[in-house]
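As they're listed, the protein sequences go chains A and B. Number 27 in full-length UniProt numbering belongs to position 27 of the first sequence; there are no gaps in the numbering. Number 243 in full-length UniProt numbering belongs to position 243 of the second sequence; there are no gaps in the numbering.
Honestly, I wouldn't trust all of these hints.
What the hints assert, rightly or not - Pair by pair, the computed Cβ-Cβ distance ranges are:
1) A/Lys-94 to B/Tyr-302: 25 to 31 Å
2) A/Arg-168 to B/Gln-214: 33 to 39 Å
3) B/Gly-165 to A/Ile-98: 49 to 55 Å
4) A/Gln-250 to B/Gly-165: 34 to 40 Å
5) A/Ile-98 to B/Gly-118: 32 to 38 Å
6) B/Ala-106 to A/Val-77: 29 to 35 Å
7) A/Lys-94 to B/Gly-42: 45 to 51 Å
8) A/Leu-169 to B/Arg-132: 45 to 51 Å
9) A/Gly-85 to B/Ala-106: 45 to 51 Å
What the hints contain is simulated information worked out from the structure, not anything from laboratory work. The beta-carbon is built from N, C-alpha and C at its ideal position, and this holds for glycine as well.
What follows is each chain in one-letter form.
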Amino acid sequence: MRRNSLPLTLHLLLTFLFLYGPIVVLVVLSFNASGLPTVWGGFSLKWYATLFANKKMLYPTLNTVVVATVATLVATVFGTLLAMGIERMRPSAKIDAILFMPMIIPDIVFAVALLGFYTAIKFTLGLHSIIIAHIVFCIAFVCAVVRTRLNGFDHALVEASIDLGASRLTTFRRVTLPIIAPGVVAGAMISFTLSFDEFVIAFFTAGPSSSSQTLPMLIYSMIRFGVTPEINALGTCIIGFSFLLVLLAQRFNRQGTN
Amino acid sequence: MSTTPVIQMKDIVLNYGALTVLHGISVDFNEGEFFALLGPSGCGKTSLLRIMAGFADPTSGQMLLDGKDLIGIPARRRPVNMMFQSYALFPHLSVEQNVRYGLEMARLPADEIRQRVGAILETTHLTDYARRKPNQLSGGQRQRVALARALVMRPRVLLLDEPLGALDKKLREVMQLELKRLQHEMGITFIIVTHDQEEALVMADRIALMRAGQIEQIGTPAELYEMPVSRFVADFVGKTNFFEGVASGGKVSVAGLGELTSTLPASGAVAYSIRPERICVAPAKNDAFENCFQGVIEEVAYHGQDQHILVRLAGQTEPTIARVGAQQPGTRDIGVGAPVWLGWNGADARVLTR
Chain A
1 MRRNSLPLTL HLLLTFLFLY GPIVVLVVLS FNASGLPTVW GGFSLKWYAT LFANKKMLYP
61 TLNTVVVATV ATLVATVFGT LLAMGIERMR PSAKIDAILF MPMIIPDIVF AVALLGFYTA
121 IKFTLGLHSI IIAHIVFCIA FVCAVVRTRL NGFDHALVEA SIDLGASRLT TFRRVTLPII
181 APGVVAGAMI SFTLSFDEFV IAFFTAGPSS SSQTLPMLIY SMIRFGVTPE INALGTCIIG
241 FSFLLVLLAQ RFNRQGTN
Chain B
1 MSTTPVIQMK DIVLNYGALT VLHGISVDFN EGEFFALLGP SGCGKTSLLR IMAGFADPTS
61 GQMLLDGKDL IGIPARRRPV NMMFQSYALF PHLSVEQNVR YGLEMARLPA DEIRQRVGAI
121 LETTHLTDYA RRKPNQLSGG QRQRVALARA LVMRPRVLLL DEPLGALDKK LREVMQLELK
181 RLQHEMGITF IIVTHDQEEA LVMADRIALM RAGQIEQIGT PAELYEMPVS RFVADFVGKT
241 NFFEGVASGG KVSVAGLGEL TSTLPASGAV AYSIRPERIC VAPAKNDAFE NCFQGVIEEV
301 AYHGQDQHIL VRLAGQTEPT IARVGAQQPG TRDIGVGAPV WLGWNGADAR VLTR
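Input sequences plus hints: build the corresponding full structure.
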């Protein structure tokens with residue numbers, strides 16, 4: 001947009017305000033010394049200090065990191081393999097629909113279904129059942145991202161590598177993977193952020209034990225007694241972390257397209 | 001050039017489901033020759049190339065390399081390399097890394113790899129571009145990288161799938177000669193797939209013209225051009241004029257036109273073929289030619305070094321094309337609608353029964 005028109009600029013500003021206004025409020029309040037949302041008591045890092053001193057935070061944070069890491073690793077491997085397999089097949093709208101399902105199905109429906117399924121097969125609930133649930137929807141996201149990368153991948157490259165004496169595995173390692181790597185990394189980062197702040201599915205599939213509580217679940221339980229400045233501080237940390245990941249993912253994906 | 005066969009194919013048949021792509025192909029590719037598989041798209045020429053490379057297995061038939069069975073040996077173990085139509089350069093690797101890839105796979109000593117890569121980059125004039133990525137190269141340079149990457153393997157046979165298809169006309173002509181030079185220097189058998197008859201004529205020592213999964217004719221470019229065995233060959237290789245008629249004892253009688261002479265005995269329904277450059281155009285009848293017919297000029301197409309004159313002869317649905325030099329005296333003032341005489345000798349014509 002080279003020509004600046006006032007209504008359009010205004011529209012843009014309003015959109016940004018609507019999207020990011022609440023986040024800005026959260027971030028600002030996390031630095032508010034007074035602790036009250038209506039009174040600005042000056043800049044302070046004290047809520048961050050109480051946050052990091054809070055022992056209750058430690059295990060849910062660890063749980064979340066474990067769930068997100070394991071789910072991301074497994075989903076990235078399987079999602080990539082799935083994408084490669086699908087791209088080799090004849091295009092099919094039905095298969096595409098099945099692949100997209102875990103992405104578009106409402107979390108609450110997916111969560112209830114999983115809980116029912118786990119109960120039906122008498123599966124003990126805990127961190128592992130959250131991980132499995134997260135793997136399922138993360139595979140769909142990884143697959144979708146890697147597929148856009150594979151789109152336009154010249155299969156002759158694989159044949160050229162084999163023609164020059166490489167095995168299938170070497171061809172994958174030295175030709176296919178480096179070419180689709182930006183998509184794989186981007187898919188992994190999206191998976192990590194999605195799993196990291198996922199609440200509904202984790203809440204349903206965590207089981208009764210508090211040892212499998214994740215960070216979003218902890219925040220939910222804390223918020224029942226009102227939004228404390230401590231939660232604002234935690235939220236700010238998570239936002240910063242997610243923002244960093246998304247930024248990295250985009251940089252990786254762009255690197256490959258050029 | 002010797003006539004020892006490198007690759008021998010016997011009755012190669014290829015089916016894709018119910019579709020038969022190759023109907024029993026038998027052909028010998030000789031040591032050190034430049035061989036062209038020529039034909040329209042869908043004739044099976046690329047399938048034949050892929051069978052040699054090992055990317056497709058024939059349904060039946062025999063294929064030998066230096067007398068040993070080649071079928072069943074995986075593509076990566078064949079001393080045969082392919083240059084792909086899309087070039088298939090690894091986009092994440094530099095020119096030098098692309099070229100050394102195959103040598104690394106063969107686990108050659110580092111010294112030998114360095115020496116061979118250096119030599120082939122020199123031969124293909126790519127030394128200055130060794131560090132560039134494929135997307136930083138022009139079309140012609142990419143083509144040379146693809147060539148270098150295959151040639152550095154010193155294959156027994158180099159397979160080239162439409163190697164010049166992506167280049168513009170001018171560059172294509174340069175690369176045709178370049179390919180011939182490389183083939184001559186390295187003494188490797190080249191088998192090229194092309195749909196461009198001119199390319200095949202210029203580059204190849206021998207050509208197999210394919211049609212619908214079969215070989216129509218194998219021969220030198222001159223044999224295909226001068227002695228086509230069928231209408232298809234005469235029509236595909238170069239330009240020609242056909243007169244459908246009935247032959248008996250060296251003469252072909254054509255409805256509406258009369259009798260045409262030839263030196264080839266035949267009988268029954270035939271096509272009488274005469275190349276445009278064998279036809280002489282003159283304002284008056286020239287008795288030096290055995291076949292003389294009067295017609296009216298329908299169109300003159302100027303091509304620079306020569307011109308194509310389309311003449312409507314009596315009783316013919318298609319105009320007859322004659323090719324004359326643009327500078328030939330007496331032809332500059334030839335105009336559309338003018339009456340003109342065409343003349344040719346029977347020895348220059350072909351009588352085709354197929």
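Hint-by-hint comparison with the structure:
no.	hint	verdict
1	A/Lys-94 to B/Tyr-302: 25 to 31 Å	violated, 58 Å
2	A/Arg-168 to B/Gln-214: 33 to 39 Å	holds, 34 Å
3	B/Gly-165 to A/Ile-98: 49 to 55 Å	violated, 39 Å
4	A/Gln-250 to B/Gly-165: 34 to 40 Å	holds, 37 Å
5	A/Ile-98 to B/Gly-118: 32 to 38 Å	violated, 52 Å
6	B/Ala-106 to A/Val-77: 29 to 35 Å	holds, 30 Å
7	A/Lys-94 to B/Gly-42: 45 to 51 Å	violated, 31 Å
8	A/Leu-169 to B/Arg-132: 45 to 51 Å	violated, 29 Å
9	A/Gly-85 to B/Ala-106: 45 to 51 Å	violated, 30 Å
Violation of the numbered hints given earlier is confined to hints 1, 3, 5, 7, 8 and 9; the remaining hints are satisfied by the structure.
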